[in-house]
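Peer 1: Listed below, chain by chain, are the residues.
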Amino acid sequence: MKVSMTVNGKAASADVEPRTLLVEYLRDHLELTGTHVGCDTGQCGACTVHLDGRAVKACSVLAGQAEGAEVTTIEGLANGSEELHPMQAAFREYHGLQCGFCTPGMVMAAVDLVKTHPGASDETIREQLEGNICRCTGYENIVRAVKAGAASMGGQ
Amino acid sequence: MAYADEKAFSPSRRRFLQGAGAAGAGLVIGFHWTLGLPRVFAASANGPEDFVPNAFVRIAPDDSVTVISKHIEFGQGTYTGLATILAEELDADWSSVRVESAPANAALYGNALLGGIQGTGGSTAIANSWEQLRQAGATARAMLVAAAAERWGVSAGELEVSSGTVSHAGSGRRASFGELAEAAATQPVPEKVALKDPSEFKLIGTRVGRVDSAEKSNGKAQFTLDIYLPDMLTAVLLRPPRFGATVKSYDDSAARKVRGVVDVVETPRGIAVLATGFWPAKKGRDSLEVEWDESKAEKRGSAALYAEYAELAKEPGLAAKRVGDADKALNEASQVVEAEYRFPFLAHAPMEPLDAVIRRRGEGYEIWAGSQIPTIDQGAAANALGVKPEQIAIHTLYAGGSFGRRATPTGDVVFEVASILKAHGGGRPIKLVWTREDDIQGGRYRPMYVHRLRGGLDADGKPLVWHQRIVGQSIMKELGAVPESGVDPSSVEGAENLPYAFDHLAVDLHNTEVGVPPLWWRSVGHTHTAYSTETFIDELAHAAGEDPVALRRRMLQDHPRHLGVLELAAKKAGWGEPVPEGRARGVAVHKSFGSYVAEIVEVSKGEEGLPKVHRVVCAVDCGVAVNPHNIAAQMESGIGFGLGAALYDEVVLEDGRPQQENFDTYLPTRLTDMPEVEVHIVDSAEAPTGVGEPGTPPIAPAVANAWFALTGERVRQLPFKRARENV
Chain A
1 MKVSMTVNGK AASADVEPRT LLVEYLRDHL ELTGTHVGCD TGQCGACTVH
51 LDGRAVKACS VLAGQAEGAE VTTIEGLANG SEELHPMQAA FREYHGLQCG
101 FCTPGMVMAA VDLVKTHPGA SDETIREQLE GNICRCTGYE NIVRAVKAGA
151 ASMGGQ
Chain B
157 MAYADEKAFS PSRRRFLQGA GAAGAGLVIG FHWTLGLPRV FAASANGPED
207 FVPNAFVRIA PDDSVTVISK HIEFGQGTYT GLATILAEEL DADWSSVRVE
257 SAPANAALYG NALLGGIQGT GGSTAIANSW EQLRQAGATA RAMLVAAAAE
307 RWGVSAGELE VSSGTVSHAG SGRRASFGEL AEAAATQPVP EKVALKDPSE
357 FKLIGTRVGR VDSAEKSNGK AQFTLDIYLP DMLTAVLLRP PRFGATVKSY
407 DDSAARKVRG VVDVVETPRG IAVLATGFWP AKKGRDSLEV EWDESKAEKR
457 GSAALYAEYA ELAKEPGLAA KRVGDADKAL NEASQVVEAE YRFPFLAHAP
507 MEPLDAVIRR RGEGYEIWAG SQIPTIDQGA AANALGVKPE QIAIHTLYAG
557 GSFGRRATPT GDVVFEVASI LKAHGGGRPI KLVWTREDDI QGGRYRPMYV
607 HRLRGGLDAD GKPLVWHQRI VGQSIMKELG AVPESGVDPS SVEGAENLPY
657 AFDHLAVDLH NTEVGVPPLW WRSVGHTHTA YSTETFIDEL AHAAGEDPVA
707 LRRRMLQDHP RHLGVLELAA KKAGWGEPVP EGRARGVAVH KSFGSYVAEI
757 VEVSKGEEGL PKVHRVVCAV DCGVAVNPHN IAAQMESGIG FGLGAALYDE
807 VVLEDGRPQQ ENFDTYLPTR LTDMPEVEVH IVDSAEAPTG VGEPGTPPIA
857 PAVANAWFAL TGERVRQLPF KRARENV
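Sequences listed follow chains A and B, in order.
Under my numbering, residues 1 to 156 are what the first sequence spells out, in order.
Under my numbering, residues 157 to 883 are what the second sequence spells out, in order.
Bear in mind the hints are in silico, worked out from the structure with no lab data behind them.
Only a predicted model underlies this, so the values are computations on that prediction, with no experimental measurement involved.
C-beta atoms are modelled at their ideal positions from N, C-alpha and C, and glycine is treated no differently.
Reference excerpt, derived from the structure (chain B facing chain A, CB under 7 Å, subset only):
{"id": "1", "residue": "N374"}
{"id": "2", "residue": "M507"}
{"id": "3", "residue": "G557"}
{"id": "4", "residue": "E792"}
{"id": "5", "residue": "I795"}
{"id": "6", "residue": "N818"}
{"id": "7", "residue": "P824"}
{"id": "8", "residue": "R826"}
{"id": "9", "residue": "M830"}
Partial list, derived from the structure: chain B residues whose beta carbon lies under 10 Å from chain A:
{"id": "10", "residue": "F230"}
{"id": "11", "residue": "G231"}
{"id": "12", "residue": "G433"}
{"id": "13", "residue": "F434"}
{"id": "14", "residue": "A505"}
{"id": "15", "residue": "E508"}
{"id": "16", "residue": "Y554"}
{"id": "17", "residue": "S558"}
{"id": "18", "residue": "F559"}
{"id": "19", "residue": "H785"}
{"id": "20", "residue": "A788"}
{"id": "21", "residue": "M791"}
{"id": "22", "residue": "S793"}
{"id": "23", "residue": "L799"}
{"id": "24", "residue": "E817"}
{"id": "25", "residue": "F819"}
Straight-line C-alpha distance at most 27 Å; calculated DSSO-like pairs for lysine-lysine:
{"id": "26", "chain 1": "A", "residue 1": "K147", "chain 2": "B", "residue 2": "K768"}
{"id": "27", "chain 1": "B", "residue 1": "K376", "chain 2": "A", "residue 2": "K115"}
{"id": "28", "chain 1": "B", "residue 1": "K578", "chain 2": "B", "residue 2": "K413"}
{"id": "29", "chain 1": "B", "residue 1": "K439", "chain 2": "A", "residue 2": "K2"}
{"id": "30", "chain 1": "B", "residue 1": "K438", "chain 2": "A", "residue 2": "K2"}
{"id": "31", "chain 1": "B", "residue 1": "K376", "chain 2": "A", "residue 2": "K10"}
{"id": "32", "chain 1": "B", "residue 1": "K728", "chain 2": "B", "residue 2": "K761"}
Extracted from the complex, chain B is given alone in its bound form (with noise of 0.2 Å):
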C-alpha cells in the first residue's frame, strides 16, 4: 500500500513495531469466541444467515451493517471513522451501521504502519485504513450487486445501491443489504473492485454521527472497570515507591486480616492483593508493610537531573541533523540568540486509570482489556503465564482515553493481571485496578528535556543558523528500535525536521540514562520540539525586528501546506488587527504525524500570574477531511489536552519519588480554563494523515509567544506555573 506522505509517521515508532511485529508475526488465534461473556460478546457471533465478506464487515438478514474496527476507540472518534469510510463504498445505511471490536489477531488486523503488528498509535488508524476499508465495503457492495443481478436475471451494471438498499430502475425492483446477504454470501470474491472518486462521496466529508454516543450517554458502554464475572475477585498492587526497586521482604499478616481480603501475592512487579472488591483490596494493600531493595532505584530528583541536562547541553552530542556549518555560521554571525528550555516529566492521567480482567478459559486464558496494542499485550500475557500467544485472547473494550498511556512495550498492565493470576492460582477471574494515585505516580511519564537552542543572524538582521541542543531519554531503546546512530528519532522529531529555510543548521542530542521507564505521550517528540522551535524561532522573529507572522511565511516558502495553515489561521484571527484590550496574539504552526496544524491564541493576564486563553484560531491540513465534524474536536481536544500541560502539569521527583498523587496536584484543563475555540480545515485531496495528535504541539508554544507580546517575558520553563513561580 502506498500514502501520499510516507514520511508523516512517526519513523521511531514504525520501527520499533516492525521489530515487536517480528516476534509476534503470523499470529492467528485458534480461538473461536462465540460464548464470552454475554453482555460483552454474545453480539459478535455471525450467523448462520449472516453475509461475511471479508475480516472488516458482516451484513445479517435484519439490515445491520457491522463494520470490524482493528482500532481501539478510546475517545478519538476511530469507531466512526472507520466506519465510515467502509460505509462510504459500500452504499449502507448509516443508521444500520455497527462497530465491534476485532479480535487480537496481527494477521487479520495488522496496522500497515506500525509494521504489521495489531495496534493503534502514531495517529495511524484512519490512514491505514483508508485503502483497506474501502476495498472491504467496495467488495461486499458488489458482491450485494451480484446477488441482486442473478436473482433478477439482469446485469449488475443496470443496477443502483442506495443507503442500504439495491435497486433496479428498469423494473422497479429493489432488495436491502439484509434481503440479499444469504445469497451474496455465495457470490464469489471479485478480485478487482473500482473505488469511488470523491466527488462520489456521500458520507466521507460530512458530518455523521459517533456510533458510539447513545451508549456512552446512557451508561451502557462498557468499560474494562465495568466487567464484572461471576466470583471476580479485585486486586491492586504495590508497586515500589521508587522506580527500580525491587521487594525484600513482606509482611501481609495484617493485610490478610482484613475483611475481604482473599489472597496476597509477590509478582515480578509488587505485591499484589486480592479481595473480593476494591475497597478490602485497597485496605489490604494499605496494611502491607514491605522491605524494598533500592540498590538499583532511581534516587535523583527533577532538580538533580535538570541541572544534569543543563551541563550536557553545553556540550555537543549525537548529530542528528546537519545543514551547512552550523558552529561556523554561529561564530560569525553578528548577532547571537540564546535560550534553554526545560520540560518536565508528565504524566497521562487518562480518565479511565489502568485495569485489565483475566480468567482462564479451557487451554488458555482470556483478556478483557483497553488494548491499544494486542499483539504486545498478548506476547505480555503469554510470557506472564508460560504460554503461547495464541493462547491469550483479548477482548478489546472502550477505553476511558489513553493518550499513549495504554501503549506500553512490555503490555504493563496486561503483563502485571497476568502475573497475579500466575502468583495466585486458583480457578477466579480477576480483575486488576490501579487507583488514580497508582497513575499519577506510576511512570511511564513523557520523560524530562532539556534543549539548548542558538540562533545567529546576519548584519541585515535576517536569521541564517539555527543550532539545538536536546538532552533526554530515549523512549526507544527500551524497544531496542533506537538506529545505529544513537539518535532516537522520538527525541528529535520536530526539530531534526525544522521547516524553516536556514542556511546553516545542527540539531544534537543527548540519551540519558535515567531509571525512570518513559512513554510516549500524546504527540510524542512534538510535545517538546514543536514548544522549543516555535517559541525560539518567534524570539529569531523579534530579534530580527520582523512580525512573527511574517517571518514565519518568508521561512516557509518550501512548505506550501504549512503555509496553507499558517495564511488560514492568521486570516480567521484577524492577524495584525487590533487586538481587545488588555490581550495579545500569538502564533505557532507545527507539522506532527503527516497533518498540519497553525494555531493562533488570544491572552491576557490572568490569576496567580498565568495567561488566561480566550481564544484559539486553529488550522488544519490533514489531507482528505473524513468527517469535519470529528476533525474539530479532535484540534480541540488535543489544543485541551495541551493547555493544561502548558500551564500547571509536571510530576515532580524529590530523590526519585513522585510527589504529584491526584487530581489536587496534577491538574487537567477544567471548564473554566478552556478557550473559545475555531477550527478550520484546508480543503485537500490528499490521503488522510491523523489528527488525534497534531492539535496538541502548537497549542504552548503559541500561548507563550502571545504572552510574550503581552508581558515582554519569555517563558522557558514548563508548566507555565513552575515557570512562573521561579520568576
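Here chain A stands alone, though its shape is the one from the complex (with noise of 0.2 Å):
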C-alpha cells in the first residue's frame, strides 16, 4: 500500500506492506534512525516521535494510521536556524542523559509534556514522563534539564 505524510516538514510517500510500523517506517526508509526500538511493545518509549503535534510511541502506530499526517522525529525538532531546539539544548546543558539511546524519546516526550502541562512541576514531570523508561541516568538529570527546557520554550 502507498502511504503519504508530511515528515520533518517534507513530503514523503512509499510503498509498504500493511502491517508496516510508523517507526520502522521512519527508520527503514526514510533513514531517520534517531528514532530508537528498545522494546517493541510500547513500554519504554524510546520510539516517541510527534504525530500531528502529539507525543505518540511510533512502535505502536502503523504508517497507514498516520496517513496525510504530520510526523516530527527528533531530526526535525530544531527549526531550520537552530542548531538544537530549547529542550535538546537543555538535555545538553544538563547532561540529561548518558548512553543516549532513550533520549530522542525523552526529548520528544518532554516537548509535548510542555505543551500539554505548560509550567509543570517535578512532580508532574515525573508522572507525566513515567512511560519513557532510562536505564542509565537515575533520570535526576533528565527531570532538571526538562525543567530548563520549559522555561527556555517558554511554556510552549
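Starting from two chains that each stand alone, build the complex the way the hints lay out.
Peer 2: Below, the structure is given as C-alpha cells:
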C-alpha cells in the first residue's frame, strides 16, 4: 500500500506492507535513525515521535495510520535556524542523558509535556514522563533538563 | 605503571583477562580503514597535514583536537573523562576537542588493568588511562611548543600554552595548535615530559560538558541499530527455550514463505532467519517449528535451586577467608544472630538490546558493534568464520547501555552474527538484532546466590565473630580464571575483604553447577555481598543495641576512607536528627573497584507494601575527581539502577524456562520511583578510581536497613517485591 505523510516538514511517500509500523517506516524507509527501538511493545518510549503535534510511541502506530499526517522526529525538532531545539539544548546543558539511546524519545515526550502541561511541577514531570524508560541516568538530570527546557520554551 | 590502590581492581576480572589476553597477545591489525561507511568513519582518516604524535590524539590544521578512545562509551561518560585528561596536559581548547573510537588493536589500545587486552570493565577506564593519556597530551604539547620555538627562534621555555594557543609574551606572537600542526609533526618525540602538578589543572576537577551530548540530543549519534548498509539483511535468531538445549530438527517451510524472508540457517546458537527487514525476520522466526534436544538442558527452576543452595549453605565450603577461629568463637558467643539471604537471577536490560552488523571486506570482515572487549570479539568472530583475528576489524559504536551485558567471555553477539554470515554465505551485509524478549530471556544473568550469615556477640554485646557462607555459580569458571583454591574472587568480593574489625571471621564459598550462562552485572559480586554484609552488620548493631552509624564508625577505625565517606554522608543526611514523619533512615557503606561509597536513605511505606525511597545522600571517595559532574551523574545512575533491582527485578526460572519477557514483567526503575539524590565527593589527591559501578552496591542494603528502622521487618530476599509477597 502507498502511504503519504509530511515528515519533518517534507512530503514523504512510499509503497509499504500494510502491517508496516510507523517506526519501521521512519527508520528503514526514510533513514531517520534517531528514533530508536527499545522494546517493540510500547513500554519503553524510546521510539516516541510527534504525530500531528502529539507524542506517540511509533512502535504502536501503523504507518498507514499516519496517512496524511504531520510527523516530527528528533531530527526535525529544531527549526532551520537553530542547531538544537531548546529542549535538546537543555538535555545537552544539563547532561540529561548518558548512553543516549532513550534520549530522542525522552526529548520528544518532554516537548509534548511542555505543550500539554505548561509550568509543570517536578511531580507532574515525573508522572507524565513515566512511560519513558531510562536505564542509565537515574532520571535526576532528565528532570532538571526538562524543567530548564520548559523554561526556555516559554511554556510553549 | 603503578597505581595507588592496586587492590582496587577486581582481581578476578584482571586474572581472567590476562588469560584471555594471552590468546590474543600482540594483535596488530593490518587493515587500513580510511574508506569505511561514510557516515561512520569518514572522520577518522588522518589528513596529510594532521599532527599525530601518538595513538591517542590527532590535531588538524582546522584546530580540531581528536582524542582516540580505547574504551567504549555506553553512557558512563568515558569519552568525556578520557578527553579531559588528555586535553588537560595538552592545554587544548575544550570546545575543539572531539572523540573517536579506537580500532581493535590490543597492542596499541590494551587495558593495563585487564591484563593488556583491549576492553572496558571493572570501572577501570579512567584509572588505566590516567598516566597514559597525561603522557600522550603532554608529549603532544611539548612538540607543539618545540615547533613554535623553532619557527620564532626563541627558546621553548619562553612559551606559554593556553586553550589551544601557543604564545610568546616577549614578542606577542601567537599561533593556534592548527597553525602549528604540520610543523609539530616533524619534531622529534620527546622521551620524557613533565606532567602538571594537580594545582595547575584547569579542566580536571571542573564541570566540562559531555562531548557526546549534542549528537545524542538531536538523533545524530550512531548506535549499532542505526547502521544501514546497502543491500543489508536483518537477522533474528531463535535460541533454545531452555539453556543448554540444541537443535534436533526443524521445519522452516512456513518461515520461508513469509514475504521478505531470504534464508533460514542453522548456527551453533540456534536457527537464524534472514530477511529484508526486522519484522519479516521476526515473523519468519515466529513461523519456525523446531524440535529441541533437551538432554543436556538445565531444567531446574529458581525454587529448586534456592532449596539446593540453602541446604549447601548449612555445610562448610571452600575457605575464602579465615581470621582467628570463627567456628569456635561462635560456639562460645553469648549471643548468636543468624540470617539467610536469597538473590535472584538478574538481567541487565540495557536500553539498546544486543545487536551487531557484519560484512565481508577484501580478505577479511568488518563488524560494527558496541564492542566492550574488542580483543575477545575479534577472536570470537575469527573463530566462527575460520579466519585469523587480524582479519576481523571492529568499529566500536556508541552503545545503548551495557551494565556488563556487552562484555561476554565468548563475544556472544559478534559470534552469532559471524556464524550467521558463515552459514548463509553470500555477499550481503547482515545485521543481527536481539528483541527485548531475547534480551530478558537470553541468559548471561547475574547468577542466583544464597548467603548464610552468623554473627556472635560477647557478653558485653560487642560483635566479635562473623561467619558467612556464599552459595552460587562461578562467573569466572567458564574463563578458566578461578585460582587453584576453587574460590572465584568475583563470588566473594566485598565479603572476604570485610572492612569491619572482627577478631574471628570466616567466609566460605560453594560453587554450584547450573546450566544458565552467568555474567558480571554492574558491580559483580558486590551486587549481593554488599547487601548481605551491610544489612547483617545492621542486624548486629541492633543486637548490640548500638546505633548503626556508631557501630560502623567504631569497627572501621583502621579504614579511614570508609570512615571518610560514612562521616560525610552522616553529616549531610543529618543522621541522628529527627526524620520527617512516617519516614526512617538507613545507611550502608561499601568499597568496590577502588572507590568508597556511603549512602543514607529516607524511606516511607509506599504502594504494594514496598518502600518508597524519598531521599538518598551519597558520599563518594574515588581519588582525584576528574569530572565531579560526571561522578555525581554516575552515582545517581548506580543508585537508580540498583534501586530497580532491589525493589522489582528478578528472572524466575520455571523448569528451566525464564518467565519474564519484557519491561512489563521485568520492571526497570521508572521516573516516579526515583528519589531525590544528593552526591558529595570527598576531596582527594589519590589516583582516580572507578565510578561506573561503586554507586550501585550500597543502595539496596541502605533501603533494607531503613525499612527495618521503619517497620521492624528484615528483608532477606531480593527483590523486595518477592520478599513482601512472601510475608
